[in-house]
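Chemist: Spelled out from the first residue to the last, the chains are:
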Amino acid sequence: AQSVTQLGSHVSVSEGALVLLRCNYSSSVPPYLFWYVQYPNQGLQLLLKYTSAATLVKGINGFEAEFKKSETSFHLTKPSAHMSDAAEYFCAVSEDRGSTLGRLYFGRGTQLTVWP
Amino acid sequence: DGGITQSPKYLFRKEGQNVTLSCEQNLNHDAMYWYRQDPGQGLRLIYYSQIVNDFQKGDIAEGYSVSREKKESFPLTVTSAQKNPTAFYLCASRPSGQGAGQPQHFGDGTRLSIL
Numbered sequence: 420a421q422s423v424t425q426l427g428s429h430v431s432v433s434e435g436a437l438v439l440l441r442c443n444y445s446s447s448v449p450p451y452l453f454w455y456v457q458y459p460n461q462g463l464q465l466l467l468k469y470t471s472a473a474t475l476v477k478g479i480n481g482f483e484a485e486f487k488k489s490e491t492s493f494h495l496t497k498p499s500a501h502m503s504d505a506a507e508y509f510c511a512v513s514e515d516r517g518s519t520l521g522r523l524y525f526g527r528g529t530q531l532t533v534w535p
Numbered sequence: 007d008g009g010i011t012q013s014p015k016y017l018f019r020k021e022g023q024n025v026t027l028s029c030e031q032n033l034n035h036d037a038m039y040w041y042r043q044d045p046g047q048g049l050r051l052i053y054y055s056q057i058v059n060d061f062q063k064g065d066i067a068e069g070y071s072v073s074r075e076k077k078e079s080f081p082l083t084v085t086s087a088q089k090n091p092t093a094f095y096l097c098a099s100r101p102s103g104q105g106a107g108q109p110q111h112f113g114d115g116t117r118l119s120i121l
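Chains A and B are the protein sequences, given in the same order. Just add 419 to wherever you are in the first sequence, counting from 1, and you've got our numbering. Just add 6 to wherever you are in the second sequence, counting from 1, and you've got our numbering.
Bear in mind the hints are in silico, worked out from the structure with no lab data behind them. Glycine included, every Cβ here is placed at the ideal spot set by N, Cα and C. There's no promise every hint is true.
[What the hints assert, rightly or not] Straight-line distance between alpha carbons at most 30 Å, and here's what the computed DSSO-like set of lysine-lysine pairs gives: (1) K15/B to K468/A; (2) K77/B to K63/B; (3) K468/A to K63/B; (4) K477/A to K488/A; (5) K468/A to K77/B; (6) K15/B to K63/B; (7) K477/A to K487/A; (8) K77/B to K15/B; (9) K89/B to K63/B.
[Stated by the list, open to error] From the structure, some residues in chain B lie toward chain A, with a derived Cβ separation under 10 Å: (10) P45; (11) G48; (12) D65; (13) R117.
Bound conformation, chain A alone (with noise of 0.2 Å):
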């Protein structure tokens, strides 16, 4: 089975600062990888995927991630956090890009703060 772990299980950054988000994998075949965000009491909301096409990822709300093959990561960055920002995130794998399955393994989440 997959694995993610998720480095820093809170980060606070000021308003207009850089955020940084981490994600290490375990497969060593490289799968595909999503970030996901998640507002209080709602859903997951899906940022950017990563499925080879290229390394460095671009989502939505300003977010990208880059694909690092050499140090199984896939960190999320932005370049200047906002209010808004603020919210839970996770990273996930997919099973193996031959499967069909579709099962998702999600780490354990990073809560943003967002300071004014």
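Place chain B on chain A using the hints.
Modeler: What follows is chain B alone, placed relative to chain A:
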């Protein structure tokens, strides 16, 4: 607009009672999933279904049951055997047969608490 509807938004269970959480989607997706979310633990897979009348256990299926009689619907029953049911439950769906790169789409969840 297409989407996933979960109901109710809040649900309370008495001791020894079974409760059913509803999940309906109009996205024409074949695959559907149920997750349990607890603070600091991420999402854990309870059950999933790739096609009508077929479903598989996930990682934490004990104390739960599902059915998939219609493509649009994937209800989850939390039985009295589930001793710690208090959690946020999320339903998701995705088109199947298109490989693992298709993302899952999520409903807005049901929060279950014990009375």
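Chemist: Against each hint, give a clear statement of whether it holds in the structure.
Modeler: Against the structure, the hints come out as follows:
no., hint, in the structure
1, K15/B to K468/A, "holds, 28 Å"
2, K77/B to K63/B, "holds, 18 Å"
3, K468/A to K63/B, "holds, 26 Å"
4, K477/A to K488/A, "holds, 18 Å"
5, K468/A to K77/B, "holds, 26 Å"
6, K15/B to K63/B, "holds, 24 Å"
7, K477/A to K487/A, "holds, 15 Å"
8, K77/B to K15/B, "holds, 22 Å"
9, K89/B to K63/B, "holds, 18 Å"
10, P45, "holds, 9 Å"
11, G48, "holds, 4 Å"
12, D65, "holds, 9 Å"
13, R117, "holds, 7 Å"
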